[in-house]
Amino acid sequence: MNIHIQNGRLVDPASHTDQLADVFIANGKIVGTGGTAPQDFKAEKVLDATGCIICPGLIDLSARLREPGFEYKATLESEMAAAAAGGVTRLACPPDTDPVLDEPGLVEMLTHRARLPAFAHVHPVGALTVQLAGKQLTEMAELHEAGCVAFGQANQAIVDTQVLLRAMQYAATFDFPVWLQAQDPFLAQSGVAHEGEIAARLGLTGIPVAAETIALATLLQLARETGVRLHVTRISSAAGVDMIVAARAAGIPVTCDTAVHYLHLCDHDIGFFNPHARLDPPLRTQRDRDALRTGLASGAITALCSDHTPVDDDGKQRPFGEAEVGATGLELLLPLTLKWANEMKLPLLTALARITIGPARIMGVDVGRITPGLAADICVFDPSASFQVSRNHLKSQGKNTPFLGLELPGRVRYTLIDGYIAYAHDQTD
Amino acid sequence: MTTQTSTHRNPQLNHQGELNHLLSIEGLSREMLTRILDTALPFTEVAEREVKKLPLLRGKSIFNLFFENSTRTRTTFEIAAKRLSADVINLNINTSSASKGESLLDTADNLAAMQADMFVVRHAASGAPYLLAQHLAATGQDHIHIINAGDGRHAHPTQGLLDMYTIRHYKKDFTQLTVAIVGDVLHSRVARSQIHALTTLGVPEVRVIAPKTLLPSGIERMGVRVFHDMKEGLRGVDAVMMLRLQNERMQGALLPSAQEYFKAYGLTLEKLALAKPDAIVMHPGPMNRGVEIDSAVADGGQAVILPQVTFGIAVRMAVMAMLSGA
Amino acid sequence: MNKLPPSNAEALCQQLARKMQPSVDVKHTILVGIHTGGAWVATRLHTLLGLQTTLGVIDVSFYRDDYNQRGLHKGGGKSHLPFATEGAHLIIVDDVLYTGRTARAAMNELFDYGRPDKIELAVLVDRGGRELPIAPTYCAQTITLPAAQMLALTRAEDGTLTFQLTAESHGETGK
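Chains as they are written, first to last, in the working numbering: chain A, 1 to 429; chain B, 430 to 755; chain C, 756 to 930.
Worth flagging that the hints you see were computed from the coordinates, not collected in a lab. Don't take each hint at face value.
[Unchecked claim] Dumping the calculated DSS-like pairs for lysine-lysine here, alpha-carbon to alpha-carbon at most 27 Å: (1) Lys481/B to Lys873/C; (2) Lys482/B to Lys829/C; (3) Lys829/C to Lys489/B; (4) Lys829/C to Lys511/B.
Using the sequences and the accompanying hints, generate a full structural model.
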């Protein structure tokens, strides 16, 4: 279908474009931007973007779809609806499904199942070791062929450094990126909150910052040794950010991301044991939060993700230490990014880069920008509208968010995936 | 940045600011703590009468929900409830069967359906009573009162209160005292409650004495002075509050042996002599003689460990009476 | 029946003592005053009657029947009964008898200390308005007062007892 998006403000971080411009789409691709339509273009549908921003469809580096294996928590249908409502057109999902994504067949099944026009593009992250057990390497070449964009361990550390080294070497052989969380399993053992004043008061077992920095030191050293393309997931501490910056300055090609929760919350937000604040890595101090906000603004951290993890009520309505880890977030990625940008007075170009071109580069896929010839993955949103986060409003089956009840900025009006209108804002929404 | 608004109001207080649950000492004012201690005073005399009962809670059902075993604490709550003429039902829920079957909230809902008026809850997870309180409020059952009998490492408010009652009984004025808490503070809900109570009641110097492995990170921020040298820490102290050391600590690479612990951190007559001559020695029980405390001290004239038990019943009666009448 | 409220509490005490004297055994009769007003009157009567027994004070806070409505009464528990209640002849003393609930609470409490042989009730003023079948054994004056008015005994610094009439506050009710 030929679509003409008009009267909007085009913000495309990759090309540093921020101006009033229309977008023209045909055959699922962008065919033109600017004031005049391309030759012979006849619009079959016109989308009015008055007062709205037109930007590349958002790219989320971590969203758990809960398939296969955890369908009681969420399904592809519900989570893809959430993605579309959140303006997310492309996402990477971690390998900790059930069964684990360590076999090409499973990856193919998932990508096949996810191939519907209304669904965001799915880039599975394959398991780095079989069953994520940290002992045996997976068939990375086969998995890559099946569609894996990188290899990781979700939240499971590889304890044996020998195996970690070998896994990185093997991945480097094929120039496959490795996405790993920096958390020492022994220091983080049975920890449920940041080790500090709040955990001490609440009687919760703490995870010290050292758990992140010690593991990070190991990862960075091994990355230097092996030359692997390392991406550190969910950096959570000021010290961690400093180490990444220093490593890059020393020539190690490492990237990192953080999740929206760490940008806005800290350990105080556990409040009276709110299980929605139970996250991995844990919410750390205000100082750490501020360092993440600054790091993301400066580009020390190049990508922001939702770390979307739907958990059913049974999984959350437990004492803090027993609650399942994680928060829902696909629909909150954009609003929380805008909130951060507003508070730090950052230009939209910078803020949106962190959820479009930034993640695209880490994924190594040529997407996340609005240029003629590329797939029409577009998000149209109203930056001045706001909404209150509520269970009813969320399309995800996971209603588990520490932001419940809060008013957030930004409402998505349209989401296009390959030129297909996957989401159109209903006036009654 | 604020999060879920419903968890922001102190769940222990009702809309009139009265005590609806006792979940933690933290969040209670000096005035409230003093009121509880004052209320406990007449209840100590009930034990000396012919009929050791008051009719206050007649017809009320109090359920002891113990997800963590403890015969002693459960028994004192039972005695306190019965002295107020309440009906007491004891539920010892084995933790492993609870995790297999009924959740904490399901258990509570079933008991609420049996017209429970009060739950006394002990659970291995910090924050469990808060979850329960929120659930009761959310399901329109907040006429049921909750007393936290110990949640994980977080709090043991009735123990903290009875310890304060004990100190007040022997020392009268909190604002002139130096108090030392000795032992495994890291794992102790009793210690946390004691620290909150002491600081709220205006004790000018609260000390904790322990090796680094047994102190939580950031403990100073709770308003205490940290000592690793017990002799230094006990100097001039008015009350010594000992904590129990559990055997598991040796297994978890926190301590090498009970013997070495006793040498450095055990309370002996020699070390006690460094405190004030009229200093009192307290212990929440049960004692590990020869590990944290020497028998000579435990059985000596400065120990007030048995009075603590008696006061504990009166304090628990006071809490139950105050909550029930709210 | 007087319409005017009484103010001369001291005179009433004398009257009450005169009425009680014939029935009192100075070696065995025990007075138990209800905290606070009744306790003041009991102290006065103890001297006037020349009793050789110990004086008792009873605080009925934990035996009130309005706990479910009003919660725990603040400042309770000042009972002091330094004698054996078992087998005793007790006279409960109070300043004002109104609904009868306080007297009932006092009896309940006394029985929890031990079974007395005989309990009698002595009051300065019976203001009517009974809600329970309780009657005073000895009474100095009977009057009628509207429910909106409260009659309370006060004690001056020099110890003089006086009655005060006030509009009802939502504190002490139901005597």
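To see whether the hints hold, each was checked on the structure:
1. Lys481/B to Lys873/C: Distance ~22 Å between Lys481/B and Lys873/C Cα, so the pair holds.
2. Lys482/B to Lys829/C: holds, 19 Å
3. Lys829/C to Lys489/B: With Cα atoms ~21 Å apart, Lys829/C and Lys489/B stay inside 27 Å; holds.
4. Lys829/C to Lys511/B: holds, 22 Å
Of the hints listed earlier, there is not a single one the structure fails to meet.
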